[in-house]
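Colleague: Listed here are the chains, written in short residue letters.
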Amino acid sequence: MSIFISSLISVLIALIFLGFIILSLGDDPFEAYWQLVSWAMGTVPGLIQSLVSMMPLLFTSLGVLIAFKMKLWNIGAEGQFQMGAFAATWGALYLFPNIHNPWVMIPLLMILGAAFGAFWGFLPGIMRAYLGVNEILSTLMLNYVAIYWVNYLTYGPWKGAGSYNFPITAKFPQSAILPQYGSGGLNFGIIISIIMAFFVLYLVKYTKFGFHLEIAGDNLRAGEYAGINVKKLIILAMVIGGAISGIGGMAEMSGVLFRLQPNFSPGYGYTAVIIAWLARLDPIATIVVSFFFGALLVGSQQLQLFMQIPSSLINAFNGILLFSLLASEVFMRYRIRVVRS
Amino acid sequence: MNDIVISTFSGAIRAGTPLLFATLGEILAERSGVLNLGLEGMMLMGAFTGFSISYITGNLWLAVLAAVLIGGLMASLHAFMSITLRINQVVSGLALVFLGQGLSGFWGNAYVGMQANSFQNLKIPLLGDIPYIGPVIFDRDVLVYIGYISVPVIWWFLYKTTAGMNLRAVGEAPDAADARGINVILTRYVYTIIGGFFSGLAGAYISLAYTPMWVQNMTAGRGWIAVALVIFAIWDPVIALIGAYAFGGISVLQFSFQILQVPIPVNIMNMFPYIFTVFVMLFASSNRIKKLFGAPTALGIPYSREEKT
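If you read the protein sequences in the order shown, they are chains L and D.
Just so we're aligned, residue 1 is where the first sequence starts under the numbering used here, counting upward by one.
Just so we're aligned, residue 1 is where the second sequence starts under the numbering used here, counting upward by one.
Bear in mind the hints are in silico, worked out from the structure with no lab data behind them.
In this text, all values refer to a predicted model and were calculated from it rather than measured experimentally.
Where a beta carbon is used, it is the ideal one built from N, C-alpha and C, also for glycine.
There could be a bad hint or two in this list.
Distance ranges between label pairs, derived from CB positions [unchecked claim]:
id: 1; chain 1: D; residue 1: Y148; chain 2: L; residue 2: L95; range: 48 to 58 Å
id: 2; chain 1: L; residue 1: G132; chain 2: D; residue 2: V266; range: 26 to 36 Å
id: 3; chain 1: D; residue 1: F157; chain 2: L; residue 2: Q308; range: 41 to 51 Å
id: 4; chain 1: L; residue 1: R280; chain 2: D; residue 2: T162; range: 40 to 50 Å
id: 5; chain 1: D; residue 1: Q261; chain 2: L; residue 2: V330; range: 49 to 59 Å
id: 6; chain 1: L; residue 1: G227; chain 2: D; residue 2: I259; range: 30 to 40 Å
id: 7; chain 1: L; residue 1: I5; chain 2: D; residue 2: R305; range: 27 to 37 Å
id: 8; chain 1: D; residue 1: S76; chain 2: L; residue 2: I5; range: 28 to 38 Å
id: 9; chain 1: L; residue 1: N263; chain 2: D; residue 2: Y159; range: 41 to 51 Å
id: 10; chain 1: D; residue 1: D3; chain 2: L; residue 2: N101; range: 57 to 67 Å
id: 11; chain 1: L; residue 1: I5; chain 2: D; residue 2: Y148; range: 49 to 59 Å
id: 12; chain 1: D; residue 1: I259; chain 2: L; residue 2: K171; range: 52 to 62 Å
id: 13; chain 1: L; residue 1: N263; chain 2: D; residue 2: T57; range: 46 to 56 Å
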């Protein structure tokens, strides 16, 4: 409970600082916050948009969460997400042109997305496990590679017919599109993402793998003494996390966008780092926090539209929030110490 | 052909200069035992601040000074978090990147597409006339020259002065340094902030000399490449110089390839610096090499007098 309160206080502190930053451009922070909340959480289309934005955030947050459990800094969800989206597009448009049954197509695309996301997690995983390569740097570098890969395909060989000069692929065939509910963008991918959260909960709480993650996270060396194959665990955590982010990329393609284009992700994989941290690596709390950040994203787009407040505001918020979360942890540690003595 | 050779090598130096500044600064910070992963954020703030001050005042040196100071200011936040509050330096560095990306993007939005004063080439007499070497090395802007000078100065400082020895002691054996009367906390603060100065300067170079304009996220991962370069350079300023210019060379290769009409798509060539970084890490960061050449022993470990293990 005190963890919940400290998170809440951190968010409040970050909002206060953010208010001053909004003020620095001469805008009224109260009006900005009101605009943000009233559209994204107070109207039905806004709520639907927030849910749609929640989905990629939830997938990628769950992806990084697993590695974070063992204090492995997987910052590669962005690249894994983009590789998943790439793989889904490859499957839908080029690999399986003759499959017209969505019951076959969708699972195939999901496996493909998971496989490429997993591969993008496997590379930094194996480099870390066997060569001690810092996973922050390797995952970040691979993010850039994935982004340029998508750029290359969409500007080059995959540029869709009839897209004029825009770097965008052809639209997915109907069989590759996830079930849609209404016209606001609600789709089956959102349900998959929530199921995924419960799957991750099961994974980290009720399996030997999750137990090992916990031990290795507390103390890597103790893990080794306890007979855990830490190398294997590192690779496994990166691969599973990558697969989940990859499925997220697939779901974003098949559920929301239906075609690949550059910059299709506003940095979901980076925001995921903050979400996982704010949710204290709890998969169920991650659902709630992802929704909150989805709403924030939708709201910040509204702010850009109606108050001309640049939407990179949300990145600044992320940074401030992470700092205040970290600081709040210190103060919690101090309080515990005082009680003990 | 000569033109291509000269433009490739001079491009390598130009593209390598921001990497060099950031790497040198991070070497100082890490030598004191503080790992600051926030280079990308500090560079972005430096780039934005430098550009905006140049746009507003037209004074380039004031712009550079402001960029340097903002880098130091951001670094002092990291220093407070990691040295005083002793929180996880990795996460604090990441937070610094988010903060820098967000604030520079937010405040910089008004400056997109604007033009500001920028550094012009300043040919050094005599030296600039040497064939090949002159136009590549001695016909650059002032900041590049500052980069040349920084390397021997920092090398001399690290290895030949008492202050440099104290700095290394703090990063290697903070307990012993403390016992000898060196103020560990103060030393770490000072060099973390100096590291920030350099990152701010690196950012200023990008927006005031390399590509004189402001674009959101214009550092494009160079801050992270610099973090990797520190490891590649095994915390040595001279190797950092070689590494930075080599990386600069890789990132401008695409322009030369375009002129030579090498049939590799631009977006594939854009991947090169990042892929190359991963390869460099593969060789440089194996634990064996780290042990052999010595990363600062206390790197990333907060120092506290009471808590001894």
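Colleague: Could you run down the list of hints and mark each one as holding or not?
Modeller: Hint by hint, here is what the structure shows:
A hinted range of 48 to 58 Å holds for the C-beta pair Y148/D and L95/L, which are about 53 Å apart. Between G132/L and V266/D the CB atoms are about 34 Å apart, so this pair conforms to the stated range of 26 to 36 Å. In this structure, F157/D and Q308/L meet the distance hint of 41 to 51 Å, their C-beta atoms being roughly 48 Å apart. R280/L and T162/D have their C-beta atoms about 46 Å apart, which keeps the hinted 40 to 50 Å range intact.
With their beta carbons about 57 Å apart, Q261/D and V330/L fall inside the hinted range of 49 to 59 Å. Roughly 59 Å separates the CB atoms of G227/L and I259/D, a value that falls outside the hinted 30 to 40 Å. The beta-carbon spacing between I5/L and R305/D, approximately 32 Å, falls within the hinted interval of 27 to 37 Å. Look at S76/D against I5/L: about 29 Å separates their beta carbons, and that is inside 28 to 38 Å.
Between N263/L and Y159/D the beta carbon distance is about 46 Å. The supplied range of 41 to 51 Å therefore holds. For D3/D paired with N101/L, a C-beta distance near 59 Å keeps the hint of 57 to 67 Å intact. With their beta carbons about 54 Å apart, I5/L and Y148/D fall inside the hinted range of 49 to 59 Å. Taking the beta carbon of each, I259/D and K171/L are about 38 Å apart, not inside 52 to 62 Å as hinted.
Our hint of 46 to 56 Å for N263/L and T57/D is violated, since their Cβ atoms are close to 33 Å apart.
Hint compliance for this structure: hints 6, 12 and 13 are not met, and every other hint is.
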